[in-house]
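Novice: As you go down the protein sequences, you meet chains A, B, C and D in turn.
With the working numbering applied, the first sequence corresponds to residues 13 to 160, in that order.
With the working numbering applied, the second sequence corresponds to residues 13 to 160, in that order.
With the working numbering applied, the third sequence corresponds to residues -9 to 100, in that order.
With the working numbering applied, the fourth sequence corresponds to residues -9 to 100, in that order.
Check the hints yourself; a few may be wrong.
[Stated by the list, open to error] Derived DEER-like restraints, expressed as beta-carbon distance ranges: (1) B:31 x D:-4: 38 to 46 Å; (2) D:70 x B:66: 38 to 46 Å; (3) C:40 x D:19: 38 to 46 Å; (4) C:21 x B:110: 23 to 31 Å.
Bear in mind the hints are in silico, worked out from the structure with no lab data behind them.
Glycine is no exception: its CB is placed at the ideal position from the N, C-alpha and C atoms.
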Amino acid sequence: MIIREIDLRLPNQLSQMEKLVAALEFFTETCAIPPKPAYRLTLAVDEFVNNAVDYGYGDGRPGEIGVHVRHLGDALELTLTDDGDPFDPFNAPPPDLTGSLEERRIGGLGVHLVRTMADSFAYKREDGRNVVSLRLALGEAPASSAPA
Amino acid sequence: MIIREIDLRLPNQLSQMEKLVAALEFFTETCAIPPKPAYRLTLAVDEFVNNAVDYGYGDGRPGEIGVHVRHLGDALELTLTDDGDPFDPFNAPPPDLTGSLEERRIGGLGVHLVRTMADSFAYKREDGRNVVSLRLALGEAPASSAPA
Amino acid sequence: MQIDRFIEQDVIITTVKGRLDSSSSHKLDDFLAEIPAGNNAILLDFAELTYISSAGLRVVLKATKLARSHGVALAICSLVPQVHEVFDVSGFTTLIPIHPDRGAALASFA
Amino acid sequence: MQIDRFIEQDVIITTVKGRLDSSSSHKLDDFLAEIPAGNNAILLDFAELTYISSAGLRVVLKATKLARSHGVALAICSLVPQVHEVFDVSGFTTLIPIHPDRGAALASFA
Ligand SMILES: Nc1ncnc2c1ncn2[C@@H]1O[C@H](COP(=O)(O)OP(=O)(O)O)[C@@H](O)[C@H]1O
Ligand SMILES: Nc1ncnc2c1ncn2[C@@H]1O[C@H](COP(=O)(O)OP(=O)(O)O)[C@@H](O)[C@H]1O
Chain A
13 MIIREIDLRL PNQLSQMEKL VAALEFFTET CAIPPKPAYR LTLAVDEFVN
63 NAVDYGYGDG RPGEIGVHVR HLGDALELTL TDDGDPFDPF NAPPPDLTGS
113 LEERRIGGLG VHLVRTMADS FAYKREDGRN VVSLRLALGE APASSAPA
Chain B
13 MIIREIDLRL PNQLSQMEKL VAALEFFTET CAIPPKPAYR LTLAVDEFVN
63 NAVDYGYGDG RPGEIGVHVR HLGDALELTL TDDGDPFDPF NAPPPDLTGS
113 LEERRIGGLG VHLVRTMADS FAYKREDGRN VVSLRLALGE APASSAPA
Chain C
-9 MQIDRFIEQD VIITTVKGRL DSSSSHKLDD FLAEIPAGNN AILLDFAELT
41 YISSAGLRVV LKATKLARSH GVALAICSLV PQVHEVFDVS GFTTLIPIHP
91 DRGAALASFA
Chain D
-9 MQIDRFIEQD VIITTVKGRL DSSSSHKLDD FLAEIPAGNN AILLDFAELT
41 YISSAGLRVV LKATKLARSH GVALAICSLV PQVHEVFDVS GFTTLIPIHP
91 DRGAALASFA
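So here's chain A without its partners, still in its complex pose (with noise of 0.2 Å):
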């Protein structure tokens, strides 16, 4: 049996994510997803849920994330929405590197790692939403500098 499709929803509110977790850890482990894609479609989630949840609604008012992923055999698909103010993730520079330990920032590297570890990436706005979406080969580790 494969888990083909879920469509979680959750309300703006860093208590959901211990429940999102768990939904992702019975998803990867029922689809017996590999150790790497299973970490990153973690990874992605996590990194902008709370994105989304700490910069999204200025003014606190209450909002809606949704995380849907789809299994294609050979790829996870996966989208992140929001109802926050509108933010194209990847319109930002990457960080910065290179420098010293004492010139690292601390901070910034969410979006990054997400975006390094996807096959591809997108963002578009639609009907008052943020929409995220990232594609995670299930096969060999096509993406970034990562180590075997």
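Dock chains B, C and D with the ligands against the given chain A, drawing on the hints supplied.
Specialist: Just chains B, C and D with the ligands, lined up with the frame of chain A:
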């Protein structure tokens, strides 16, 4: 957090039932579905998947069964599909439940149970698949001669 | 699913714990296939039965018919609400004596 | 997440077990906020760290900067492959000494 939608695919083998039941339990627990509709959901999936496996593939060919649950807020919408031989389960007359113990035949209750407990049901044949749709209310038990 | 059997007040009590579905029903079927010697009454105590499907009902009806044909009384007790609904919808509640608890069931045999 | 600390060969070893994400990272942050007296080297043994997100990296970088500013050596060891990938992609592997196991890390301090 709720699971708004989950789409499962399995081969036509009864050995898959355990994983399937576990996935339904994960769904009902995560969404805090009340006991009565949670039971009805499992029962409907159990009966129809068993029937599809037992009767739908007379020549023993491999097939694929789909279980799709949508959480609508006030109801669950369950769609069961299979690529077995065409069969409309709601076309057969209901079993005779009036006879004495000696007259009662063994079996023939699965479809009756599900049909009685569902708030609505429909069958269609589409793209070479049997498609059964069931609606299960989440509020007050609306169907059947059910006890309180 | 777990099945246990013991005797109380000359009644053979069978308890079933867990799920009684197509993957477990044959176990109960085997268990109930033999009518015990001595004409003791049979009680199926389903207090810990959390789930029954039509495959389980099949086994229960078969056992009830077998008992009847041997002139042995058979009753069921302690159904949880959802399981009770399944018995209702199947029309089993008019065929088989169903008791709210074990005490009432044992009293009915006396 | 579980954090433990002990001293071996004059090195303060901190082990982290489980997930280091936004909900748990402040615990490690508090733990690493104090530079121990006596200029012992610091080793973060992540053998049982199954997951780290950018919130965890933040704490690790902060602790590394703090150690450096106090002239205390800090190293990390025993990253599982997926966590190692996160360190690579973040450029941390060029900033912080990463050792394959605890033995190698302790030898590097000697
Ligand atoms: N959903 C969002 N809405 C508004 N701003 C965002 C959103 N996500 C990220 N940002 C901005 O992008 C920056 C980089 O995010 P990220 O790479 O996750 O690092 P960090 O959160 O550690 O700063 C954030 O600091 C924030 O200013
Ligand atoms: N998917 C199916 N394909 C073909 N025949 C079916 C299918 N599902 C049910 N049937 C037929 O309908 C009958 C009634 O099914 P059901 O109510 O589940 O009781 P039972 O399986 O105990 O006979 C079955 O005996 C079978 O002949």
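Novice: Against the structure, test the hints numbered earlier, and report the numbers of the ones violated in rising order.
Specialist: none
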